[in-house]
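Participant: Fit chains B, C, D, E and F to the known structure of chain A by using the hints.
Protein chains in written order, with the numbering used here: chain A, 589 to 760; chain B, 589 to 760; chain C, 589 to 760; chain D, 589 to 760; chain E, 589 to 760; chain F, 589 to 760.
Honestly, the hints are just simulated from the structure, not real lab data. Be careful, since some hints might not be right.
Put simply, identical chains are the same to the list, so a pair is met inside one copy or across any two.
[To be verified] No more than 30 Å apart at the CA atoms, straight line, and that leaves these computed lysine-lysine pairs for DSSO-like: (1) Lys-707 / Lys-747; (2) Lys-593 / Lys-709; (3) Lys-759 / Lys-609; (4) Lys-759 / Lys-593; (5) Lys-688 / Lys-707; (6) Lys-759 / Lys-709; (7) Lys-609 / Lys-750; (8) Lys-609 / Lys-747; (9) Lys-759 / Lys-707; (10) Lys-707 / Lys-593; (11) Lys-759 / Lys-688; (12) Lys-688 / Lys-709; (13) Lys-707 / Lys-750; (14) Lys-593 / Lys-747; (15) Lys-593 / Lys-750; (16) Lys-747 / Lys-709; (17) Lys-709 / Lys-609; (18) Lys-709 / Lys-750; (19) Lys-750 / Lys-688; (20) Lys-754 / Lys-707; (21) Lys-754 / Lys-709.
Okay, here's what each chain looks like letter by letter:
Protein chains: 6
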Amino acid sequence: MQRRKLATADDFFFSGLNIGKITSNSVGSSVTPVNVAQISGLNTLGISLARIDYAANGGLNPPHTHPRATEILVVLEGTLYVGFVTSNPDNRLIAEVLNKGDVFVFPVGLVHFQFNPGKSKAVAIAALSSQDPGVITIANAVFGSDPSINPDVLSKAFKLDKSMVKSLQSKF
Amino acid sequence: MQRRKLATADDFFFSGLNIGKITSNSVGSSVTPVNVAQISGLNTLGISLARIDYAANGGLNPPHTHPRATEILVVLEGTLYVGFVTSNPDNRLIAEVLNKGDVFVFPVGLVHFQFNPGKSKAVAIAALSSQDPGVITIANAVFGSDPSINPDVLSKAFKLDKSMVKSLQSKF
Amino acid sequence: MQRRKLATADDFFFSGLNIGKITSNSVGSSVTPVNVAQISGLNTLGISLARIDYAANGGLNPPHTHPRATEILVVLEGTLYVGFVTSNPDNRLIAEVLNKGDVFVFPVGLVHFQFNPGKSKAVAIAALSSQDPGVITIANAVFGSDPSINPDVLSKAFKLDKSMVKSLQSKF
Amino acid sequence: MQRRKLATADDFFFSGLNIGKITSNSVGSSVTPVNVAQISGLNTLGISLARIDYAANGGLNPPHTHPRATEILVVLEGTLYVGFVTSNPDNRLIAEVLNKGDVFVFPVGLVHFQFNPGKSKAVAIAALSSQDPGVITIANAVFGSDPSINPDVLSKAFKLDKSMVKSLQSKF
Amino acid sequence: MQRRKLATADDFFFSGLNIGKITSNSVGSSVTPVNVAQISGLNTLGISLARIDYAANGGLNPPHTHPRATEILVVLEGTLYVGFVTSNPDNRLIAEVLNKGDVFVFPVGLVHFQFNPGKSKAVAIAALSSQDPGVITIANAVFGSDPSINPDVLSKAFKLDKSMVKSLQSKF
Amino acid sequence: MQRRKLATADDFFFSGLNIGKITSNSVGSSVTPVNVAQISGLNTLGISLARIDYAANGGLNPPHTHPRATEILVVLEGTLYVGFVTSNPDNRLIAEVLNKGDVFVFPVGLVHFQFNPGKSKAVAIAALSSQDPGVITIANAVFGSDPSINPDVLSKAFKLDKSMVKSLQSKF
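Chain A on its own, in the form it takes in the complex:
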């Protein structure tokens, strides 16, 4: 039998959320997660954080879902056009332009995004209602899975011809 190891402050601590990752990638955004993978003491506690950085002039946290969490986001810096889409059959877009200090909620499992239309960078802190919320970037899951989804499926689902689907699959 293993000896019980007492918890210490390190098990509840993370450092560095004041500094964003670089955003010079294809979508112009980066996420710094602080969940149970970074703070082991979060296990079973049902909450986590993330910092999101958005490049100026179009930085995008592309349409995605969290399969196990609601998200609440606060803008620390800059401007964000954000939104989520309700379930079938209505698929209503609930969107808003957020400025510094504005807060928005993305209910569990719904497709949502944040986009920086401004001329300077933007920064947000997001809290999620799970210690292990998961992230599914829609375009990557659909067009960039490993192995690829049969192009017949995606061609019919997205009303794209098959060559277009294959071209998209090669990009992700």
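Facilitator: This is chains B, C, D, E and F only, laid out in the frame that chain A set:
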């Protein structure tokens, strides 16, 4: 104060799941839901059913998620190529060809689909771990929301030029 | 430390639910479960399936409960007289005759049964709101436990004389 | 809109659990429940109590289940032979003779009973893991439902001839 | 791989709740817990018990919280002045004097206490809605932590001068 | 029957978290909550936010608990000495000095605090695992309840003489 009305068998009953809806639509499939909207007695009980019909030669239940439920599906008739994609960063496709009597699980919130590659129609029964699971058809939520998502967002997310995005948005 | 093993399609797959087990037993029914014991990927996901076969002329899934699940059942073939009994003090029987395509709900923990009054066999698919719902066949739990419940208990509870209780206990 | 009414001590209070109900009934026991029906402040809090009185020489709390709760019982006075039966397929009886100050657990949904084999009365306090645990007395649910379960069902399930079933149904 | 060990009655049994621990300590009370640490079979079942003994003339179960459980208490013997305090901003004291057979509820996480104003000892049984409810005695957590909380914090929070805080810290 | 009103962006939006409330009060801190009272769309979603401002030179968010939530906090500005105390019997203080970008977790129901030892103000964002977490400021609940807790209780619990207790009660 309202008088309490006693529950009757009607509150736990639904009829007609032996007959599928027609599948002559753009994706070649139809879903008949049996959840709390159809059976009021399911309220708070955490389960529901659906029948899915797939046209021959490519009937597709297109990539979608259930924001509040895991799904377990059994094939009653025909053949289905099914799959789901795991979360970031791996986005692994877990897929299988199912025949009559085969069962497959789609964990909560993950993108999944069923496709009928066969020459005859296919039928499945799905059970979902919520009385109100919700359905998000990815293509419709992304390209068919009301109002539309800003094309700049979708162009960058899906690596499509903006005219293509607008053309897709006009189709959904 | 063990290496993490990646999940594969096999972890989410089960085959053979198109074929029922034989029903030539004392009650004239058989259950083919598809829960976490058959599909390991169901763990923690809160759902499972079962196929139930009923012999013609009286095949019975005898009064039982699921200690951890609500059940929703759809008839694939034949006719079933089904019912559940509400809690004390009313003990109301909520019953219905189901035909092909009919659906019925048995709320968590309540005593319920299905009986085939027809001249041909019947088949149903049941979904349960737990990956490990458990089954308690009332007669077996009460009269067939190992070791036996003290006959004084059962005699008083069921208003049967003790010799009758012992006779019943010898049959289960 | 209704005015919010402030909670008071009365919403969290119940009086009289020191006095048992009379046990001169067919089973020789009585239950005094203290759940959300008696204490409105228990709503959503997931716990309740009951006092159980057992007549001398065979007082019985007959085999029953709680569809939504685990029970933990402490004997205040007297001796109790108690037990529960595990799920299919084993149906193991887990039983014990309890004396004053002894505690026993009956896991959620399992069939259980308490029986007073002693020459003096017995008293117990039970706690249940729901504010609305429900009680299903097996014999009453099975043989005493309103309306009656079809005797063919009970005859086959309990291996009793039909006249015996009808006789039992007339007693409950 | 380990062999599965079958559960026995011992896994659901505890003995000795008829006898209280001595109450000759600084607060004049003692608690005998019966939770998952004493009964392993309680694991995941969401309930536990405790016996509390109160010395005559001021025996006190001092202000404390259960971070993971609601408590429902019944007085077996004596008289208790009990209460809990609601959350900010109202901090209303909901209090009652309980006699033998009286029941009171302390909602999850709220500060509560029981005090014996009577000339004879008092005894209560408490049930808690967790198999591992936890106990935080306020004075001990605040003034008796190991290591001590910075006296500046406690001085400002409790409007006590620092020497008083240090004096208190030395007592706990 | 009321007409269903469609949700709008306003139901998921809050503005002004970039500006703290003034901290010129007795503890030198202020909390700006963003929970279901401010954002109705958070209902049932299990998450909320708060901004906390701390005056320079000793601003204190005094020892408190959240009866229904774990908290995860990130420092936006300044320095904080933070800590929580584990349950009985150990009452270990788990503490840390946090700087800008540091994150700390306070598990559900435990007593915790944040203190600004620095020469400039501090600001933090906290996320909580409930849409209605509740706050219990220990000193206020214990010494400032309405009506007051009997001084005999507090005198014994806190090892303070009664005049001291009454003096404290008059301050809160």
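Participant: Tell me the hint numbers this structure goes against, listed in increasing order.
Facilitator: 2, 10, 11, 14 and 15
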